[in-house]
Structures are given as C-alpha cells and as structure tokens.
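Chains A and B supply the protein sequences, listed in that same order.
Following numbering that gives the first Met the number 0, the numbering of the first sequence begins with 0 at its first residue and continues without gaps.
Following numbering that gives the first Met the number 0, the numbering of the second sequence begins with 0 at its first residue and continues without gaps.
These aren't lab readings, by the way, just hints derived from the structure by calculation.
Straight-line C-alpha distance at most 20 Å; calculated SDA-like pairs for lysine to any residue:
| no. | chain 1 | residue 1 | chain 2 | residue 2 |
| --- | --- | --- | --- | --- |
| 1 | B | Lys127 | A | Arg305 |
| 2 | B | Lys269 | A | Thr394 |
| 3 | A | Lys417 | A | Leu255 |
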Amino acid sequence: MTDQTPALRLEGIVKTFPGVRALDGVSLSVMPGEVHALMGENGAGKSTLMKVLGGIHQPDEGQIIVEEVPTVMTSPLQAKSKGIVFIHQELSLAEELSVAENIYLGELPRRSFGRVDWATLYARTDAILEKLKVGFNAKTIVGDLSIANQQMVEIARALTVEAKAVIFDEPTASLTDAEKVVLFDVISDLQSQGVGIIYISHRMEEIFKITDRISVLRDGSYRGTLETRNTNEEEVTQLMIGRALDLSRNASSHELGDVALEVRGLSCGNMFKDVSFEVRRGEVLGFYGLVGAGRTEIAETLFGLRDPNAGTILLDGEEVRISSPADAISKGISLVPEDRKGQGLVLGMNCRDNMTLPQVGDLSSGPFVAPGTETDIFDKYKEKLDIRTPGWKQTVGNLSGGNQQKIVIAKWLSMHPKVLIVDEPTRGIDVGSKSEIHNLIRELAAQGYAVIVVSSEMPEVLHVSDRIVAMFSGRVMRTFTSEEVTEESLIQAISGITATDKVA
Amino acid sequence: MEAGKLSKFLKNGAIWGFIVFELIFFSVAGQFLSLSDKAFMDVDNMLLLLKQSAPIGIIAMGMTIIMINGNIDLSVGAIFALSAVILLDSMTWTIFAGLGDWVIPVSWGLALLTGVVLGAINGLIVWKTGVDAFIVTLGSMLGFRGLVFMYNGENPTSNLNWTLVDFAEAQFLGLHTATWFLAVVTFVIWYVMTRTVHGRNAYAIGDNREAAVNAGIKVGPHMLINFMIIGFLAALSAVVFYSESGSVNPNDGQLYELWVITAVVLGGTKLTGGAGSILSTLGGVLAIQLLRKGLGHIGADTSTVNLVIGLILIAVLFLDRQLNTKGKEELKI
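Make the full structure from the sequences, and use the hints.
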C-alpha cells in the first residue's frame, strides 16, 4: 500500500469563519482500497472538512490533491466529476421517482427533442444495482424502499462515475444490524475495486470492524492517525476528548424505594406484545434491543402517544389510563424523546421558554405568563445541570447537542415527575457531553427518581442501568440485573437466542 | 453590540425603515408629480390613511396569530362579507323593530357572533379532520361566499343608520373611530401573543408541533381558539367598515385574504409558522396602505399600484433571505 499514490490527499487545510478557526491545518490522505475513519466530537471540524472537500467552502490555506493533481473544488457536483463522491447521513432522494431516475437525476440519458432514453437508463441502472447485489430493480419507486435500501440507492448514485474516493458520513445511523452487514459488504467491494473510502462515524465497534486507519480531529486541528489494528477504543477516545471516557458498570449503591411504575402484559398492535416490568424509585431501568424491537414504542405508549390494546399500567400501585401526553405529564410521567430536535425542542424559541413549555400554564397567573418565575426556574436548573449558555434569551437551536439535551431533561425535572423516560439519551451528542448526561442520569436515580433509559448503544445501557430489559421483536426476552449481565448474554437476548434456550 | 444584533435589528426594523422611505419618496415625488397642491404628509391625509388601514389591519392581526400558529385562513374575506350582511340586514328585522337605536349593539353582537361561529367551523374542521388549513379555508372561502349570495342574490344589502354613521365618522383625540379599533385590536393581540400562555403556546405549536404535543400542549383547542379569534376580527373589521358605508355588495371583501397575507408576510411573519410579530404586521399594513395612497397621490392608477405592490413583496422577501443567515446556507436552485 505504501508505494501507491494516495487516491485523495488533503494538505494543511485552514478554514476560518468569523471568530472561529474551524480547521487549523488539517492533513489527511486516503490510499486506494483503504477504509479511513475520520473521527472527532461534534464540532471537531469533520463536517467543515467535508464541506471543504465538497467545494461548499473554499479553504483559506492548503490544497486538495486528487491522485497527485492539485484540484480546486467548487461544488459537490464538480467534486463528483473528479471522482470524489459523498454519501450523506441524510438521504436526499426524490421519493416519488423510480430508483433509476434518482440515480441519474440531472444526468438522465436523452434522445432527440429532450426525451428520456428509458431503455438505456434502466439498463445502466440495473448494471449498477447488480454490482450492489440489492433486492430491487431500476423501476422500483424509491419511497417504497426501506431506509437501508434507499441508502443503497445513494451508494448506487455514487457508482455512476469512476469513483476515486467515497465519503460515507454516518451511514449506519438509521440501519438495523442486518442492513449494516449489507452496507459493509458493499464497502469492502468498493475497497477491492481500489476505491479509497473515508468513513465518518461515532460508532467504535464499526470503526474497529471495517477501517484500516483512524484519523482524529479535535477542535479543528489534526490529532493524529492510528493504525486500526494497533490501537484500541481507549486510545482513540483519548485522542478525541483528551482524556479517557468512563464507561464502567455503575449499579446503584443507594437503597431503592417503592415501585413507582409497574406495567403488566402491555401490548400495542404489532409494535410490542405482553410487556411486563417495574421500575422503583432510585432505579435506572435500561431498555435495550435492535431497531424495531419496540423499545421506543413502549416509551411512547407510557407517555400517551400510542393507545395500548391490552395490559395495565400502575403508577404508585394504582391503575391508570394514559390518554395523551398532557395526561401523562399531569400523572407524573415524562419523556425525553429520541429525536431531540424534531420532538423535544422548539428550536426557534429561547432556552427559558423551552424549559418551561409544559408548565407555562401552571406558572401563569390567569391567562398571563409569569416571566419572572420562569427565569428563576431556568437559572436554578442551568446551575444544577451545568447548562452552558450565555443566558435564557439564547435560542435553543444555537446550543450544542449536549446542552440541548440538558434543557429537555431540565424541562421535566423542574416538574418533579414520578417517572422519567429518556429515549436515546446521548444520540448525536459528542463524547465529552455523553459522560455528563450519563452522570446526570445516575445522579437523578440517586435523588430518588425512577428513570427508564431506552438506548441502542450497549455500552451506554450497561453503564447507566441497574437492571436491563432486553427486547426482541416486540417482546421482553429477559430482564438482567447489572451483576448478572454480560455483553454476550445481552446480545443473545436481543437477537432472540435466549428465548429458545429459556423455554427448553 | 453582540454579533447578529445588527442583522436582527435590520430585520425587525426593516418594515419601519421602508415606511420612512415611502414617506420621504412620496413627499418628494409628490412635489413634482401630484395633481393636488396638498403635501403628502398632510395631517388629515395621514389620519385618513390610518383609518383606511383599519379594515385590512384588524384582520391582519388575526392572520398573524393564525400564521404564527402554523396555519392560514383564506376565508376571511367571505367571513367579512357575511358578517357585514348580517350586520346591516339584522337592523331591519321586525323582531328588533321596537329597540330603536338599541338595535345597533344587538346587530353588532350578531355580526361578531357570525364571525366567531364561521371561524369556529374552520377551526373544528382543521382540528378534527387534520386536513391542512389551506385546503379547509379554501373550501370555506367558497362556501361562505356562497352563503353571502344565497342571502340576497346579486343585490347589495343596504341599511344606513345615521346614528351609526355618526359614530363611525367620529374623531376622538384626532383619530377616527376605525383607527381606534385598529389600535385597540393591535394592542390586545400584541398583549396576547407576548404576555399570555396562549400566545406562547401558539409560537411553540407553529415552530414544532410535535415538540408542543410532547410538552402536553393541546394543539387542537389552540387552533380552534385562533380560528375563532380571526373570525371575530374579520367580523369586527366588517362592523367598523359597514357602520359607515351602510351598504354591502355580495362581492365585497374579495381578495381581502390576499391583502391581509401580503401585509403579514411583509411584516416578517414566517409562512411556515413559529415566528412573527404583531407590531411588524402593523408596519406591513401601513406600508401597503402608504403605497396605495402614495402611488395614487403621484397619479398612478390601480393596476400600477397592484403591480408595484407585487414587485415590492417579492423584493422584500428576497432582501429578508439575504439578511437571514439561514437563507444563505440554503441550497442554490
């Protein structure tokens, strides 16, 4: 590999925005046939670097070199014509159009008078799809495909040109494990064809599974490149945050209180069936399972967003029916939703108003809001949760992910709920803030809150939970205590393996 | 000054800057082009301008709430007309014959009730069916207008009550009755949007409906109330206007919805909801009225006025995009 010329090289890239040095002399090289991971916390400069590479931003200094030819990128389309292709985390597909039309969007083969040459279009598309070994054809409507298959369409789009380097930006964010396997196959195919790959991800297991080298950015500057097989997660994390991340087990040392919430035989359509569990005051109950296992749906049912068709919910020993989020809130159940920006926050509003949103009516005198009381609450929880913002007037959309999440948590804490459900507590949050959120969850349990944590990250569930409910395709497979759980047994449970063992 | 404050100031103050520009432009241009020898910024002329702003302005306040809340109401012109018909016709109903001038508050009440009921119909449909407000109110715009025609065919409904006319033409502290109504409505709605729970929730619902639901806000009832508010204001606008004119044509109020929306958008309220300001809407209303009056002052005819307002609307929104950093990051098309 060493005697080859790099497929793509970035040299001393500097990019400054007013007041910020977003990239400070970053260099990176990708060999043909190499999978090169780019890692760093949110805000470390990964996206800016990719925007420079895609010609969306022009670098102040430094250059982009494609196969030893210095190149100026002016737009993603132009970058593509030079063989640099991006596969974004967020899909940008026209859902009503066919796979073929999406792949050749803007470049449809033509016949006379601007008519589309459908025959050529479908033939070319099917040739590409065959390479990817996917289960759909050129005429399939994109909207009918699963997210994973839509991502394949994005990848297919990348393959219409002779790609020299392909950049994957968090490609597995919305994929199931089975779908990930297919994606990794495609990546290794590309690899064997001599394409250089930049792989951006937060997920360590993936990084260690598929990459050859790992480059780390921190605060806009290059922190080093590691050979994947000669390093480990701790070393990478240390490079990323400048210190080690604590993910040790963490069972409560304090006494648990009464059962705050008990669920018996809860079912909801095809989402989940016959789910039973209980959570005590002072306890963190983790829910772990694959995407589609029904974890989030249980949380949504408890919060009144879905109607169960069987089963009972008991709060403090009394049976309750929860008809709406408003109802859930008044009964003392709160939900920190999975999608912070889409479901948890009003991004255009300021920090204080977001924090007091559910109780603005309770705080008011008659129909009039009470800004003074609201500001007091904000100040109190800003200090308590160490929320870093210049003041309550700051628009929530401008805060970092970790601080946004703290606002959502504070929103419920200030109402002293009986049960706090946190769905994906650290999704899209950088490593440093992650441990803060984890500590916060542990601390809340210690203060006597009953906390339910739903997560798709195993280290996280293991780290924060006292007990873990393992789910597989809508059913509870097993509930582990933190003493007995092992990574292996947990993986088996969520893959549906222990089920048969248990019965037998 | 903090970073971003200047652009924010420009954005929020832009409409008032535009008004100042209009005043100066028409005053200067009027010197050369006007047929009358009266100055554009003559006190009487300006007072009249405020009065003429009232019908659109009163409705625009309601539209601002509706749009902040993430909806739209296209039926305001039809509600305006139907409320006017009820106002004028009810004064002649035989059951009220013995009331003398006391028929006035009764008819006012009936007209306002009409507006509230029609608004509630819109709101209930939007809430209970989940159909987009644009479609629902497009339908009710046609439907309510149909009711106006059913009432009296193609004929105008007329009833001139001189007590009422005297009231409508009165001036208190220099301002006309209609101007006072606009001022009070503006203040009340401003207060509602900035100081009440209902206002706060309206912003939240418009900005992120799902997050609002998750915060336990009852989105449906809020929308219903807002549609009732705009129905009430459309009727109030009719009450103020027809108390003076005393005659309503079945086609009156047509295109009002578009003038109202234009004023609201000029004032910086986002079509997608979640952001907007009552005071800027007032600016938008005045800017449009100034433009109509100013162009008339320098001798332009109605068609020219419409062309210019259309161009300015697009120019202002383009400017807004340029000032707005988010606009810069959007994809080039």
